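K.L.:
Following the hints, put chain B in place on chain A, whose structure we already have.
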Amino acid sequence: METLFEIKFPAKADRLCMVRSMVKHTAGVVGCCPELCERLVIAVNEACMNVIQHAYREDDAGEIVLEMLNNEGRLHFRLFDNAAPIDLDNCNPRDLDDIRPGGLGTHFINEIMDECDRGHLDEGRGNYLEMIKKIT
Amino acid sequence: MDIKVIEEQGSALLALGGDVDLSCSPEARKAILETLDDGKNLLINLSEVTYIDSSGVASLVEGYQMAKKMKLEFALISVSEAVMNVLQLARLDSVFPIYATLEDYRQTTG
Chain A
1 METLFEIKFP AKADRLCMVR SMVKHTAGVV GCCPELCERL VIAVNEACMN
51 VIQHAYREDD AGEIVLEMLN NEGRLHFRLF DNAAPIDLDN CNPRDLDDIR
101 PGGLGTHFIN EIMDECDRGH LDEGRGNYLE MIKKIT
Chain B
1 MDIKVIEEQG SALLALGGDV DLSCSPEARK AILETLDDGK NLLINLSEVT
51 YIDSSGVASL VEGYQMAKKM KLEFALISVS EAVMNVLQLA RLDSVFPIYA
101 TLEDYRQTTG
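Order-wise, the sequence lines are chains A and B.
Residues 1 to 136 in this note's numbering are what the first sequence lists, from first letter to last.
Residues 1 to 110 in this note's numbering are what the second sequence lists, from first letter to last.
Looking at chain A on its own, in the form it has when it is part of the complex (with noise of 0.2 Å):
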């Protein structure tokens, strides 16, 4: 398994940008297609979105911890925060038919990635994500 980086940054809207541009920028040196790229960094910023609006929520004095790996093909986005740990049965993305505002996000990482995981860190200390993409 290859880091191809890891970045640690705060729950904050206007870092979002630079995640997408890191994670665009990494997808490309790798090998994935513009499109793929494009579809990779909605998910993430998606994830980022939900650690910073329902995990921290708004609070921008946490911090979220963003590595992504090569496996052989496979990427693995992991994130990690300190936030109190997330209800787990409020994380499945919502029906689509029911047109409203906002609850998109898990729909867009659950359409775009292949395998997708979250649970509780040890001892409350926060919540992680994996998500995985089979480039290859």
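These aren't lab readings, by the way, just hints derived from the structure by calculation.
Here the structure is a predicted model, which means the values were calculated and not measured.
Possibly wrong hints are sitting among the right ones.
What the hints assert, rightly or not - Computed footprint of chain B on chain A, listed as stretches where at least three residues anywhere in the stretch have a Cβ under 8 Å from a Cβ of chain B:
| hint | segment |
| --- | --- |
| 1 | 14-26 |
| 2 | 47-59 |
| 3 | 93-101 |
| 4 | 106-118 |
The C-beta atom is built at its ideal place from N, Cα and C for all residues, glycine as well.
P.N.:
Chain B in isolation, oriented as in the chain A frame:
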């Protein structure tokens, strides 16, 4: 994000540009809802939008639903590829009235 509003008789053309993400979607939402609150039909030009996230999409959905409730017209004009990809992902491309150009909108709606 850039926001420009051009007002005409009874309607407003709101042009968004750049990245519409969580850091600025509240501003887009405010502009959309305030225009509708003034009782104006709303056309949103998205040709210069380079990225939109689910919070930006939520602002569009809220505007669409408010317009419907107020019996005002609401349409998306010249939707960029980046935005269209996200609308398709959300399966909203068949929900919003979308026109390739402002002329198309005017010809279709008379």
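K.L.:
Compare the structure with each hint and give your call.
P.N.:
Now the hints, each set against the structure:
1. 14-26: Since three or more residues must qualify, the claim that chain B covers the segment 14-26 of chain A holds, with 4 doing so at under 8 Å.
2. 47-59: holds (count 3)
3. 93-101: holds (count 4)
4. 106-118: holds (count 4)
Every hint, counting from the list given before, is met by this structure.
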